[in-house]
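> In case you want the letters, here they are:
There are 4 protein chains.
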Amino acid sequence: MKQNPSEYKTHLAYIKKLYEEQVPFNKLLGINILKIDVDELCIQLEMKPEFVGNFIKKILHGGVISSLLDLTGGLMAFIGVLKRTQRYLSFEEVTKRFTQTGTIDLRVDYLNPGKGKYFLSEASILRLGNKIAVVRTDLKNDQSVLIASGTGTYLIG
Amino acid sequence: MKQNPSEYKTHLAYIKKLYEEQVPFNKLLGINILKIDVDELCIQLEMKPEFVGNFIKKILHGGVISSLLDLTGGLMAFIGVLKRTQRYLSFEEVTKRFTQTGTIDLRVDYLNPGKGKYFLSEASILRLGNKIAVVRTDLKNDQSVLIASGTGTYLIG
Amino acid sequence: MKQNPSEYKTHLAYIKKLYEEQVPFNKLLGINILKIDVDELCIQLEMKPEFVGNFIKKILHGGVISSLLDLTGGLMAFIGVLKRTQRYLSFEEVTKRFTQTGTIDLRVDYLNPGKGKYFLSEASILRLGNKIAVVRTDLKNDQSVLIASGTGTYLIG
Amino acid sequence: MKQNPSEYKTHLAYIKKLYEEQVPFNKLLGINILKIDVDELCIQLEMKPEFVGNFIKKILHGGVISSLLDLTGGLMAFIGVLKRTQRYLSFEEVTKRFTQTGTIDLRVDYLNPGKGKYFLSEASILRLGNKIAVVRTDLKNDQSVLIASGTGTYLIG
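Protein chains in written order, with numbering that gives the first Met the number 0: chain A, 0 to 156; chain W, 0 to 156; chain D, 0 to 156; chain V, 0 to 156.
Any given hint could turn out to be false.
It does not matter which identical chain is used: a pair holds within one copy or between any two.
[Unchecked claim] Below, simulated BS3-like cross-link-like pairs (lysine-lysine); rule was C-alpha separation at most 30 Å, straight line: (1) 26 with 8; (2) 82 with 47; (3) 15 with 26; (4) 116 with 26; (5) 95 with 56; (6) 95 with 26; (7) 130 with 95; (8) 16 with 56; (9) 26 with 114; (10) 95 with 34; (11) 26 with 47; (12) 116 with 82; (13) 16 with 116; (14) 26 with 56; (15) 130 with 15; (16) 114 with 95.
Don't read these hints as lab results, they were simulated from the structure.
Using the sequences and the accompanying hints, generate a full structural model.
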């Protein structure tokens with residue numbers, strides 16, 4: 000049986016909580032999932048003093064950027080899997096599938112200095128196969144300047 | 000005037016301190032530079048509960064891995080620049096050059112689950128040009144299992 | 000003195016010829032530059048039997064795809080350099096700068112089977128710095144299916 | 000039933016022929032598989048005038064380099080699959096599996112100018128999973144200078 004929209008919504012709300020509160024490193028970063036839908040994902044990260052890399056220029060550390068792009072892409076790949084599933088999944092199954100999704104590889108292009116009060120990361124699926132998904136993610140600052148762009152390949156359950 | 004070995008050592012000790020204590024996100028991760036020499040670099044990261052990504056498998060978050068690979072590669076690129084400099088640099092100049100080094104792009108391949116009590120990241124320079132450096136970095140766990148491998152392109156001053 | 004539009008046009012026509020006829024491997028592939036402007040670039044490649052990789056599925060070899068993405072990105076980076084130049088360049092200078100542009104690294108994502116009578120490759124600049132340019136290129140077939148997407152970092156003169 | 004060494008040898012000789020003579024673009028390049036074994040692969044490419052990219056410096060086109068790295072990595076991934084197969088495969092099955100192997104993504108780092116009379120491409124497997132393989136490939140010239148290094152992710156049957 001194909002999932003109906005309200006089932007999706009329940010799943011997505013559950014995944015949002017899982018991602019924000021159950022993944023320890025996501026919690027350390029303090030990510031905030033602003034929008035999560037079958038075709039849309041937007042994650043916010045607030046600038047904090049401890050995220051700085053270049054302490055003279057006071058800009059975001061490259062590792063914070065790659066972390067955010069990686070986790071955004073991974074979540075989008077997972078949403079893609081969920082969207083395609085033709086039957087109702089229990090929360091246990093959702094959790095299991097979530098932990099089976101993993102990054103295979105990631106390329107990050109650092110395009111502009113990571114300056115801003117907050118940053119927004121958005122993802123779009125380039126390929127959704129049976130075994131792998133390829134996802135592109137863009138990170139912009141509060142002025143909509145493109146800070147970095149990433150392409151990740153993810154293993155999907 | 001070309002630098003002599005003792006000048007290198009002083010510079011490298013200074014950079015080690017800069018990297019471990021002055022870069023906020025490095026401090027948050029708690030990186031520990033075990034070896035730093037003109038041809039060798041080894042950085043240690045201890046596993047901490049807040050670094051976990053997959054909370055069922057209790058393995059390192061992909062973002063922690065990419066962070067460590069990025070910062071190791073960037074430091075190696077910087078050491079390469081320093082090695083080539085034909086004259087004595089003041090600490091002020093070292094700091095300035097350090098902040099001018101930046102990641103252009105990075106590819107990370109996630110090869111094995113990030114399981115371990117600690118992780119070691121090592122770098123080797125593939126290309127050292129006038130404008131850019133290409134550095135490869137490997138991340139192994141306490142059992143010498145290769146967890147991830149990265150290749151980064153860095154802008155050098 | 001800044002170049003005027005008619006100078007650009009003369010330069011671009013010259014570069015088109017250089018690229019199509021003077022670069023031996025481009026000639027072997029038989030690339031056809033359909034549009035070349037300061038903000039737009041579209042290169043066509045006709046399918047030929049000798050470009051096939053998978054001989055059962057009769058699809059484009061991955062190497063032909065990466066070649067096309069690489070050369071499209073490199074040309075776009077070069078156009079970016081030219082656009083920014085604040086003075087008139089002789090053809091000799093254009094040629095010299097052209098040969099100084101080089102690919103530093105390239106990532107290619109193969110998204111759909113390379114099936115088609117012809118393929119179109121388009122580029123857009125993600126970053127244009129003093130030393131390097133980052134360019135994204137998309138390859139589509141005659142049905143506008145996205146076959147592959149690439150991101151390249153280029154050294155610019 | 001596990002394959003015995005003589006079966007491997009027959010398969011590998013068959014694959015060598017397939018790769019060199021049945022893949023049209025490989026034939027156009029004129030690749031020559033010097034060594035092919037379960038743990039070793041070395042492919043030679045002779046420099047030809049039509050492979051030149053930069054016509055002033057007379058060096059290999061970036062696309063020829065990425066082509067060679069891609070096909071070397073793909074072949075190595077396929078050998079890895081074959082090595083792991085626990086039973087005898089007919090030539091038909093080998094061909095079928097060969098055509099099911101495909102590149103998901105590839106990163107190429109161009110490290111030194113592609114100057115030489117011939118080039119050698121070697122591969123090593125970084126990861127061999129159930130669904131994907133990650134392979135690193137190095138391209139050297141006749142003086143053993145490292146011209147380029149690649150990392151590819153391949154879908155395996």
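> A separate judgement is required for each hint: does it hold in the structure or not?
Structure-based check of all given hints:
1. For a Cα distance limit of 30 Å, the shortest separation of residue 26 from residue 8 inside one copy, 22 Å, qualifies, whereas the shortest one across copies, 39 Å, does not.
2. Taking the closest pair of Cα atoms, residue 82 and residue 47 never come within 30 Å of each other, the shortest separation being 34 Å inside a single copy and 34 Å across copies.
3. Both within a single protomer and between protomers do residue 15 and residue 26 lie at most 30 Å apart by alpha-carbon distance, with minima of 12 Å and 29 Å respectively.
4. Taking CA atoms no more than 30 Å apart as the test, residue 116 paired with residue 26 passes in both settings, with 18 Å inside one copy and 21 Å between copies.
5. Proximity of residue 95 to residue 56 under the C-alpha cut-off of 30 Å is restricted to the inter-copy arrangement: shortest distance 11 Å between copies versus 42 Å within a copy.
6. Taking the shortest Cα distances, residue 95 and residue 26 sit within 30 Å of each other inside one copy (20 Å), while across copies they are farther apart (33 Å).
7. When the C-alpha separation of residue 130 and residue 95 is checked against a cutoff of 30 Å, the pair qualifies both within a copy, at 16 Å, and between copies, at 19 Å.
8. When the C-alpha separation of residue 16 and residue 56 is checked against a cutoff of 30 Å, the pair qualifies only between copies, where the shortest distance is 18 Å, while the shortest distance within a copy is 34 Å.
9. Proximity of residue 26 to residue 114 under the C-alpha cut-off of 30 Å is found in both arrangements, the shortest distances being 22 Å within a copy and 20 Å between copies.
10. Proximity of residue 95 and residue 34 under a CA criterion of 30 Å is satisfied intra-copy only: 23 Å inside one chain copy versus 40 Å between copies.
11. Taking the shortest Cα distances, residue 26 and residue 47 sit within 30 Å of each other both inside one copy (13 Å) and across copies (13 Å).
12. Taking the shortest alpha-carbon separations for residue 116 and residue 82, neither the intra-copy value of 33 Å nor the inter-copy value of 33 Å comes in at or below 30 Å.
13. Taking the shortest Cα distances, residue 16 and residue 116 sit within 30 Å of each other both inside one copy (24 Å) and across copies (28 Å).
14. Taking CA atoms no more than 30 Å apart as the test, residue 26 paired with residue 56 passes in both settings, with 26 Å inside one copy and 17 Å between copies.
15. With identical chains, the CA atoms of residue 130 and residue 15 are at most 30 Å apart both within one copy (23 Å) and between copies (28 Å).
16. Proximity of residue 114 to residue 95 under the C-alpha cut-off of 30 Å is restricted to the inter-copy arrangement: shortest distance 19 Å between copies versus 37 Å within a copy.
In terms of the numbered hints stated before, the structure departs from hints 2 and 12, listed from lowest to highest.
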